[in-house]
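The whole structure should be built from the sequences, with the hints applied where relevant.
Chains as they are written, first to last, in our numbering: chain W, 2 to 364; chain F, 2 to 364; chain A, 2 to 364; chain C, 2 to 364.
If you are wondering where the hints come from, they were derived from the structure by calculation, not from laboratory data. If you're wondering where the values come from, they're calculated on a predicted model, not measured in any experiment. Careful: at least some of the hints might be erroneous.
Identical copies carry no separate label here, and so any pair may be met within one copy or between two of them.
Okay, derived cross-link-like pairs now, DSBU-like style, lysine-lysine, Cα gap no bigger than 30 Å in a straight line [claimed, not checked]:
(1) 270 x 326
(2) 270 x 96
(3) 143 x 21
(4) 270 x 205
(5) 96 x 271
(6) 38 x 21
(7) 96 x 38
(8) 271 x 205
(9) 326 x 271
(10) 180 x 203
(11) 180 x 205
(12) 96 x 326
(13) 21 x 96
(14) 96 x 203
(15) 189 x 203
(16) 189 x 205
Number of protein chains: 4
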Amino acid sequence: MSGTFGTLFKVTSFGESHSKGIGVITYGCPPGISISKADIQPQLNRRRPGQNRLTTARNEPDQVNILSGIENGLTLGTPVALFFTNRDAKPDDYKNIEHIPRPSHADYTYYKKYGIRSVSGGGRASARETIARVGAGAIAEKYLSEAYGVEIVAWVSSVGNINACNLPVNSISRSHVDKTIVRSGDPKSADNMINEIEKARKAKDSIGGIISCVCRNVPAGLGEPVFDKAEALLAHAMLSIPAAKGFEIGSGFASARMRGSEHNDRFVKKGDHLGTLTNNSGGIQGGISNGEPILFSVGFKPTPTIGRIQETVDFNGNNVSLAAKGRHDPCIVPRAVPIVEAMAALVIADLALRQEAGRSIIQ
Amino acid sequence: MSGTFGTLFKVTSFGESHSKGIGVITYGCPPGISISKADIQPQLNRRRPGQNRLTTARNEPDQVNILSGIENGLTLGTPVALFFTNRDAKPDDYKNIEHIPRPSHADYTYYKKYGIRSVSGGGRASARETIARVGAGAIAEKYLSEAYGVEIVAWVSSVGNINACNLPVNSISRSHVDKTIVRSGDPKSADNMINEIEKARKAKDSIGGIISCVCRNVPAGLGEPVFDKAEALLAHAMLSIPAAKGFEIGSGFASARMRGSEHNDRFVKKGDHLGTLTNNSGGIQGGISNGEPILFSVGFKPTPTIGRIQETVDFNGNNVSLAAKGRHDPCIVPRAVPIVEAMAALVIADLALRQEAGRSIIQ
Amino acid sequence: MSGTFGTLFKVTSFGESHSKGIGVITYGCPPGISISKADIQPQLNRRRPGQNRLTTARNEPDQVNILSGIENGLTLGTPVALFFTNRDAKPDDYKNIEHIPRPSHADYTYYKKYGIRSVSGGGRASARETIARVGAGAIAEKYLSEAYGVEIVAWVSSVGNINACNLPVNSISRSHVDKTIVRSGDPKSADNMINEIEKARKAKDSIGGIISCVCRNVPAGLGEPVFDKAEALLAHAMLSIPAAKGFEIGSGFASARMRGSEHNDRFVKKGDHLGTLTNNSGGIQGGISNGEPILFSVGFKPTPTIGRIQETVDFNGNNVSLAAKGRHDPCIVPRAVPIVEAMAALVIADLALRQEAGRSIIQ
Amino acid sequence: MSGTFGTLFKVTSFGESHSKGIGVITYGCPPGISISKADIQPQLNRRRPGQNRLTTARNEPDQVNILSGIENGLTLGTPVALFFTNRDAKPDDYKNIEHIPRPSHADYTYYKKYGIRSVSGGGRASARETIARVGAGAIAEKYLSEAYGVEIVAWVSSVGNINACNLPVNSISRSHVDKTIVRSGDPKSADNMINEIEKARKAKDSIGGIISCVCRNVPAGLGEPVFDKAEALLAHAMLSIPAAKGFEIGSGFASARMRGSEHNDRFVKKGDHLGTLTNNSGGIQGGISNGEPILFSVGFKPTPTIGRIQETVDFNGNNVSLAAKGRHDPCIVPRAVPIVEAMAALVIADLALRQEAGRSIIQ
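Next comes the structure, spelled out in structure tokens:
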């Protein structure tokens, strides 16, 4: 069980969906950063269940408790611990699946791994776990914002077959993204996306989607080749989010169909430094940020917990018909937007500290 | 600079393309595993430059030297060190790019990171670095084969717009894959792929492609949620390979267009355990292997070093026309097949040891 | 700030003496271990302030809260989080030292490190931090007890110039140690030790001491050369305890005065395995446990916070006379006994899991 | 098997005493540091066997090979690999102990751990392994010297019952220490120490000793509480050296006999910063360096391999008389002086980088 992510800006999380709560410890946040609940709560609210008609009915206020590491509104340089109480857990919802591993959920694999079953089936394989990521990510973002002016904005770039179009990646903001409840950043396609989600819900089904993300003002030089390249850590971070199935940096899989002459990002002079004319690299070359916006996408599968009857077998191999009772989102991606942003912030903050470590001599 | 990958089965690599050689240390390989050069050399040969007309002319024999950790053909449990001498380095090829960062290569970012330039421009951002991965991966594979019977086979599933079809993932073998020099595993499409690569070469250009991989006989229970999920470590490993731009597990990005009822893998009884009827999960659920084959794909961009003239700027921002002289592959993917297999083996071996660690009580 | 210890059995702690509380997360405890508050609270009570006349008057009930990782009395294999609320913090006690770094305390160095000062002066450099160690150690001990029958017992082997004598290391138990409030395990010397402590207290002063520890039934084979030798990890663990100044394994510094022929532990047959006649090795040879009892000692300095007036300077370098008002122990060692036991348990549990990891092939 | 030490300035070593050689990789050394063989060889020569009549007759030139990471005399920021060929291995010396675990050596424990025996008995438990430490330590020292002016000097403070006296810790240099072959730094006691060693050798026996070390100009602020305190990492590093049995920081075990009023280091103004009048703290308070010299001692046991006949048992438990034939030092401490310096350099370099990581905001 690895509950720790990062090398210097390191987060450690704990908690099951039916334990007393979910918590997260952030190590390595530099001292003297101004952090209050007001820096953390907004992203938690964007992740919160029950925020609008597209989300699960599980109702958790998800108010952040700061347990340590901050005094008089400033980080001490010591571990910052956040805790989120579980209030609306309904263990009874899980009674009917006590002996049935839900298809494409973690019930079966957790049992094979640990030899024991938790009340909620899949132990920590619950969307509730992601509250810890969002809490810690908000701290990372505040550090990155104060130290470098980094801005991180994610949006829903597709739901099912509906795609968002024409997003202004150099200027898009969270408030722009939040103009529609589906968080597509593209009002034109939003209604179609919402419609797609509503259709899935009515069918007691779920639907997948894609989230794209831009990180602006990331300084050049971040990334630790050859194994901890910036895109490798981003891929690690994103694929650790529940339901994530794919990751692309910059041109991604489309690059596989291109010629080098078409794909290469030509250098140009931008003020006192070099930049690139195009950004197929997604802001990363050779595993190291080049100063251009970092651009990536994450594909999410449809939520496996659905109300429709599924033919499957129980733990003993007997045929059963399963209709899940647990509360769930018909489409996870609108709520996953702040999770993607949080994980991106954790990766960049960690790489920033790692880069700071050795540069005293250089400069 | 992170040259270390893994938690228990841990590899550490070193060496630039113009240093005395490339080396790799493998920690944590259990004692008593039978390993000789014959277990390592075949994969090195598949990665070797100059092996056929599709690859760069750089000619390196790439014979493995075992420096430590093995006596009388058995691992001692101590670190196994492998070393590969560099013979055919041609620093003169790099003279004309001393002051010009190659577009979409690592010259610019290495300079921004380290404040110093290596002879070869991009320091360790060289395809030559991957020999270390293949050497260490062969050791991991031998362990996985002896301990669990794991089989790992990758192939080129696309080059440019040409796709391989109808691959038998439950039985495909390396010798089958190697029937064509493009390693597509699909003789029908191979000629078209080779043709696509030859066209790129003639145009002094390069072309991208996709590699797919299957890992069979991986026991259920491997993966360390919530941050070191099996697919997250695979994504990390794959995106750390030079030129990799995207990663998909199982249904990948296609899942984003699906409904849950369509995507969920229904459980069925398979002998004395449970399996799934379909495998959209790609063998991993909730971050933990479920016993089905692990399936994933990696997208690679076209090699950035091309002979065609590119308009760009030098480090001072002056306009220049650049025609690279370094030897390079017109398409990296046929040689990247053993690299993908190696990185998969490193991830699975590490997760296997992590799972072994705590199971004494369970069983 | 490193708040994490261990590789597989890993603990992460947080909290200042004046934050909402102190917490600790234990990762990697195998699933299925029976753990309840009753396994944890006794050691916390032995560490608790205010337990008898030898200790500080700070009064904390130190009741453990289990926040996650345990259901129905069994570990799930997921992170186990413990939390201890701070109740009796008295920030006013620290007002007079706001501008004065206490001699031999951490006030000055924390300020130099972080550039910021916490309410309590030294941030996490508080004896209160050790409650996290004791909580996590109790979990490690339960695992070691169930898996291997390991027994860990520490005692106060000296206070000032008074030494405990003739301890039966093969049979000494915690209840035997607790027969006197000074925890010397030697009733004869206990009165003299207590007397020494009372004299220090009356002089508004403090006094140092030594704790010795035996770990019985540790299986042979634990320890990870060449850098994570068993004694190296024990030394690391022990010197991380506040006020610890020295560590010895087995014969320790006395070995420096001995000849090899005198010091070597001759092997003898003990039932179906080999043992040693003497135990100068302290149960560890070449960094690996040999099956004999592990024996070590830890030297502790006198508490730096004393009521006697000390001539020193403030942060600006002005001469001042300082008489500390904070509540403190005249001698830390009786309360440090469970801390030493806890840290030993964490080291051994971690090494046990690391050894389990690779042994499937061997056996 | 842990062959890695450090978090950011990280070393990884490999090699048995009878493999092709011993190697070490240094990660995280900042780029642009001037390093040549001339920076590394002198410390290797001080560690080299056969350097004078006090040492083993095994004759190894121990010339350093730099395999990677340095171009034109400057570090690239990439891994620096060093390799030392084994030339004078004599496997025949080990034939008579094939079935006999040498008392207090690692033969028995390596076998219990790995289930396999290396030619040389104890695998990596050979003094030869320490050449890797000295090589990597020289790189760390060069970095510390260039970045901070750090000076690290160790000496033999006792052999058997003979103690060195009156060492000027504020000014002692390596050339001063090397004035006698016993490296006591105190010419008066040197003859007695040498005499003690010669007596042990003549008796086909060995003798222990103590090494003390001072690290000057270490900046205040290094150390990562609560688990990676500076003294905890030093203790870890020192106890990982073969034959080390004890570690003391500053006043060490003597502090256990002192009162707080006697032990506390009173602060005084020293130029523009604070210092302490005494240095019982050994330069570290609360786990963090305070700017005063770091002072510590390490106790070493007598070499276990002795020529005298020892009564013991073989692996099957049969009584045998053993007279070791392997070449060995009668007293390890003179050659261990550069090893202690190297390990201190590795710890301080790592802590320096960790401290640099987060300070951009502070200053």
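Structure-based check of all given hints:
{"no.": "1", "hint": "270 x 326", "result": "between (58 Å within a copy, 24 Å between copies)"}
{"no.": "2", "hint": "270 x 96", "result": "between (63 Å within a copy, 22 Å between copies)"}
{"no.": "3", "hint": "143 x 21", "result": "both (28 Å within a copy, 22 Å between copies)"}
{"no.": "4", "hint": "270 x 205", "result": "between (54 Å within a copy, 26 Å between copies)"}
{"no.": "5", "hint": "96 x 271", "result": "between (61 Å within a copy, 26 Å between copies)"}
{"no.": "6", "hint": "38 x 21", "result": "both (21 Å within a copy, 15 Å between copies)"}
{"no.": "7", "hint": "96 x 38", "result": "between (36 Å within a copy, 27 Å between copies)"}
{"no.": "8", "hint": "271 x 205", "result": "between (52 Å within a copy, 29 Å between copies)"}
{"no.": "9", "hint": "326 x 271", "result": "between (56 Å within a copy, 27 Å between copies)"}
{"no.": "10", "hint": "180 x 203", "result": "within (24 Å within a copy, 50 Å between copies)"}
{"no.": "11", "hint": "180 x 205", "result": "within (27 Å within a copy, 48 Å between copies)"}
{"no.": "12", "hint": "96 x 326", "result": "within (9 Å within a copy, 57 Å between copies)"}
{"no.": "13", "hint": "21 x 96", "result": "within (19 Å within a copy, 36 Å between copies)"}
{"no.": "14", "hint": "96 x 203", "result": "within (24 Å within a copy, 63 Å between copies)"}
{"no.": "15", "hint": "189 x 203", "result": "within (23 Å within a copy, 45 Å between copies)"}
{"no.": "16", "hint": "189 x 205", "result": "within (26 Å within a copy, 43 Å between copies)"}
The structure agrees with every numbered hint stated previously.
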